[in-house]
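Colleague: Chain by chain, the residues:
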Amino acid sequence: MKTISEINEKIKRGQAVVVTAEEILDIVKEKGIARAAREVDVVTTGTFGPMCSSGAYLNVGHSKPRIKLGGGRVYLNDVPAYTGFAAVDLMIGCTALPDDDPKNRAHPGEFIYGGGHVIEELVAGKDIRLVATAYGTDCYPRKKLETLINLKDINEAVLFNPRNAYQNYNVAVNLSDKTIYTYMGVLKPKLGNANYCSAGQLSPLLNDPLYKSVGIGTRIFLGGGTGYVVWQGTQHNPGVPRTEGGVPRKPAGTLAVIGDLKLMKPQWLRGVSMQGYGATLAVGIGLPIPIVSEEVLRYTTVTDADILAPIVDYSETYPQRKPDSLGEVSYAQLKTGKIKVQGKEVPTASLSSYPRAVEIAQTLKRWIKQGEFTLTEAVAPLPGVESGITFKNLEDRPIVE
Amino acid sequence: MAVSKRIVLHFPPRLVNRPIVYRLVKDYDLEFNILKASISPEEEGLLVLELRGNRQEYEKGIEFLARTGIKVQPLSQDITRDEDRCTHCGACVTICPAGAFVLNPATRVVSFDNEKCIACGICIAACPPRAMKVQF
Ligand code: SF4
Ligand code: SF4
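Chains A and B, in that order, give the protein sequences. The letter at position 232 of the first sequence is residue 232 when you use this note's numbering, and the numbering goes up by one with no holes. The letter at position 117 of the second sequence is residue 117 when you use this note's numbering, and the numbering goes up by one with no holes.
Chain B on its own, in the form it takes in the complex (with noise of 0.2 Å):
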């Protein structure tokens, strides 16, 4: 069965030169996608792949990748919302392609589920306080 996920990796300085992700396609057959790409004055890489494949192969390439020393995570972990800034205007509602919020219909307040949210980064920008954030 084929999957495809978002994922951030965390890449320590030692890693950062490293072909790393050459090894995810010809050792475990992945396709990607870079979304992001970044290195921090402090050398540690960051990069937000979408990665797809065998199953069992991307399980494989995702272990492969957390023994060379770095981390993984899903996206979704990644956005997160400052409470004191969202107005709970509603805005965002139709916005996300995930439905990732949910408006209570007798409250109007907006929660946001951030299990569901696939980080595409189109709340960021759409939220009139700016109250959705990306932490990497």
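Only chain A is shown next, with the shape it has when bound in the complex (with noise of 0.2 Å):
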């Protein structure tokens, strides 16, 4: 078999085989795993959808007079951003929202604006409003800054999102007799509506389901541009029950993620706006994937039919934390348009864009087929199912003085 500096050497002359984990379908159905192994060297995988833990850190320089944000406030576009580090780093979370945004006091609110946005306005090139308070020091007198701030300006810009790329997801349902507005949309009554959120047989962890290939270091498509993989995301949780070609039953594994904003575009990161529930950023990620053996590429072979996801009720179960599922359903039965829930047949729609995770996975392929993009050796492996890792609930205890 190839291996993956093999693999690296045929994309430095133009001469590797890449395709999409589409694609590769009807590639194995033709030549068998076998021959489809020798001759495929990566297959590509994508995603874009709401991914709440992103976020983006940037130093913004120093002003002259200077001025430590660090310990102060600041305000990007009115978005508050995160200033508990050294004097002009700054981090602004994608769910910020501004001080005076209404939230949910008149509910469903609308959340038209936070830290998403000012994100994709930022990788667009637009001036964003930096406004900022601070105690004043002899070394950083400066007490207040109001200034415009450009990504083509500052000093860095970095994409680091402790959280993405799930690993399968719930499908939400509610079954209660009012609407409600979730983080998978707006919920009608009575079941009439079925949320779910993941690019199935193309989804990056779903190819990868045991994490055999992506691990610490991986080099990724993020938001446009290229990334890393820098750690296992939060909430990874790999014991999860899964079918017997190891894809998870369940929200399983996840990726923290890092990458250059200033390489990126607004069109892989955009803010967006959950009715009810609050901003956040859609994101898109694709991994590639060596085909360094037969193992790796027959995981790539998933098929929606081969994916199952748990149907939730979010008008009780999941707030109130309760482990009940309504029953499993497909990725393929999902797309059809309708599924049934207690014997009620209730159409479906899809928050992560299957349209644009074929994009994704097209794009890396010609970048990988140009020889833009070569592949990584992960530096360490992810904790897969034999780390023991459980999902943890917090479980409150009383505060006694």
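Worth double-checking, as some hints may not be accurate.
For lysine-lysine, the following DSS-like pairs were computed, each having C-alpha atoms within a straight-line distance of at most 25 Å [as the list claims (entries may be wrong)]:
#, chain 1, residue 1, chain 2, residue 2
1, B, K133, A, K103
2, A, K250, A, K340
3, A, K103, B, K116
4, B, K116, A, K335
5, B, K60, A, K188
6, B, K116, A, K126
7, B, K133, A, K265
8, B, K36, A, K338
9, B, K116, A, K188
Not everything, but these chain A residues come out facing chain B in the computed CB check (under 7 Å) [to be verified]:
#, residue
10, T182
11, G185
12, V186
13, N193
14, S273
15, P347
16, A349
17, R356
Restraint-style ranges between C-beta atoms, simulated for each label pair [what the hints assert, rightly or not]:
#, chain 1, residue 1, chain 2, residue 2, range
18, A, R249, B, E59, 33 to 43 Å
19, B, D29, A, K340, 15 to 25 Å
20, B, P13, A, P102, 29 to 39 Å
21, B, G99, A, E316, 23 to 33 Å
22, B, P74, A, G192, 24 to 34 Å
23, A, G192, B, A2, 22 to 32 Å
24, B, G99, A, V400, 54 to 64 Å
25, B, D29, A, P102, 54 to 64 Å
Honestly, the hints are just simulated from the structure, not real lab data. Idealized CB from N, CA, C, for every residue including glycine.
Put the two chains together into one complex, using the hints given.
Modeller: This is the structure we're talking about:
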């Protein structure tokens, strides 16, 4: 079989055979696993959907006279940024909201503008209003700053997302008799609709279900530029029940990713508003899978019919952290536009964009074919099933003074 | 035969203070429901109405409005999609009561059929990237 460095040699010569996780299905049908594994060098994947654990850190440079933003207050287009770092390092999270946003006071709130929108506008090259107050020190005397900043002028702008690319997710429904507004979208009463959020057979971690390929240091498509996997994402939960093919039947693995915001594109980092829930960021991610064994290839042949997701009620079960599920459905069923829940036919909709996922997988394929993107050996693996990681809940304890 | 339609009326400044809607009720026996009303800084008035009544009377009422100098538009024309912002996620497909969004089963691309839209406005806030816009 091939090694990653052999595949990289082929990429540099412009001879690598690269296909998407959709295209590989027909190839394997035609040629069989063994031959396809010899002939195909890389399978590309993609996903584009709202990912709330996303943000960016910036170093905005030093003003004259200097100001210590660290420990002070900073707003970017009225959205508060985190300042608990050195003098001019900031972090903006995608769910942050302006102090005067009405939020859910008039339910459902609109959440028209938040941190995700700031990130989108920053990446689009627009000027961003920075308004800061600080306490002033001998070396950083200034106490107020109001200025415009622009991506091209600041020192660093780095997208750093603690949790992206969820491996599988719940299908959300509403059993109650009123409409509810959730991070899974608007859910109509009495099983009025069912929302899901995964690219299914194109989704990065569903094509590498046991993390045989992806690891710390893996280079990926991130937000229209290149990025890296830096760690397992928060809530990484490899130990969930799986199908025979290793595909998790519940939300499982996640990735923490990083990349240079200056090389990304607003088309792939889009500020979005979840009515009644909040603002967030839709992120585009694509993972290349080097075909170094038949086993790795076999995992990429996963189809929507092989991936099962739990149906969860978001009116009672989810908010009250109850364990019950209303059953399981496959993505193939979800994509027909309707599923059966409790004997009722329920129309389905997605929050994750499949056409955009295809575009990401195709873009990554093009980059690799043209020799612009080479593959990386993982520096360390992500914790797998054997890690024994379990998902912990917060059990509150009374604070005794 | 009875009809019920949602329409947008644009009042030029000179008509803003005239009791036009009252005439629709009195002269043409139409029932109405005001969905939205506003006056712009230029004093142009805007009224979104649901208008119900006998079909012939309804037509006459609309003619009367046009004669007085009011611009009448069916409401559906006022909802548009910003194609640059739409990510084709599909979240709107089950939300729209009129079936104005159609998902291509092969490409998963979501098309918007303006003709079917009844301008209920539900998709405006439900579309995560806010691609749906009301144009007045
Ligand atoms: S919800 Fe908005 S972004 Fe998604 S498909 Fe509909 S119009 Fe496009
Ligand atoms: S305004 Fe109402 S009818 Fe028109 S597309 Fe949106 S949800 Fe459908």
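Colleague: Could you run down the list of hints and mark each one as holding or not?
Modeller: Evaluation of the provided hints:
| no. | hint | verdict |
| --- | --- | --- |
| 1 | B:K133 / A:K103 | 21 Å, holds |
| 2 | A:K250 / A:K340 | 19 Å, holds |
| 3 | A:K103 / B:K116 | 32 Å, violated |
| 4 | B:K116 / A:K335 | 23 Å, holds |
| 5 | B:K60 / A:K188 | 39 Å, violated |
| 6 | B:K116 / A:K126 | 36 Å, violated |
| 7 | B:K133 / A:K265 | 23 Å, holds |
| 8 | B:K36 / A:K338 | 35 Å, violated |
| 9 | B:K116 / A:K188 | 21 Å, holds |
| 10 | T182 | 12 Å, violated |
| 11 | G185 | 5 Å, holds |
| 12 | V186 | 5 Å, holds |
| 13 | N193 | 4 Å, holds |
| 14 | S273 | 6 Å, holds |
| 15 | P347 | 4 Å, holds |
| 16 | A349 | 4 Å, holds |
| 17 | R356 | 6 Å, holds |
| 18 | A:R249 / B:E59: 33 to 43 Å | 59 Å, violated |
| 19 | B:D29 / A:K340: 15 to 25 Å | 48 Å, violated |
| 20 | B:P13 / A:P102: 29 to 39 Å | 32 Å, holds |
| 21 | B:G99 / A:E316: 23 to 33 Å | 29 Å, holds |
| 22 | B:P74 / A:G192: 24 to 34 Å | 27 Å, holds |
| 23 | A:G192 / B:A2: 22 to 32 Å | 29 Å, holds |
| 24 | B:G99 / A:V400: 54 to 64 Å | 58 Å, holds |
| 25 | B:D29 / A:P102: 54 to 64 Å | 42 Å, violated |
When each numbered hint is compared with the structure, violations occur for hints 3, 5, 6, 8, 10, 18, 19, 25.
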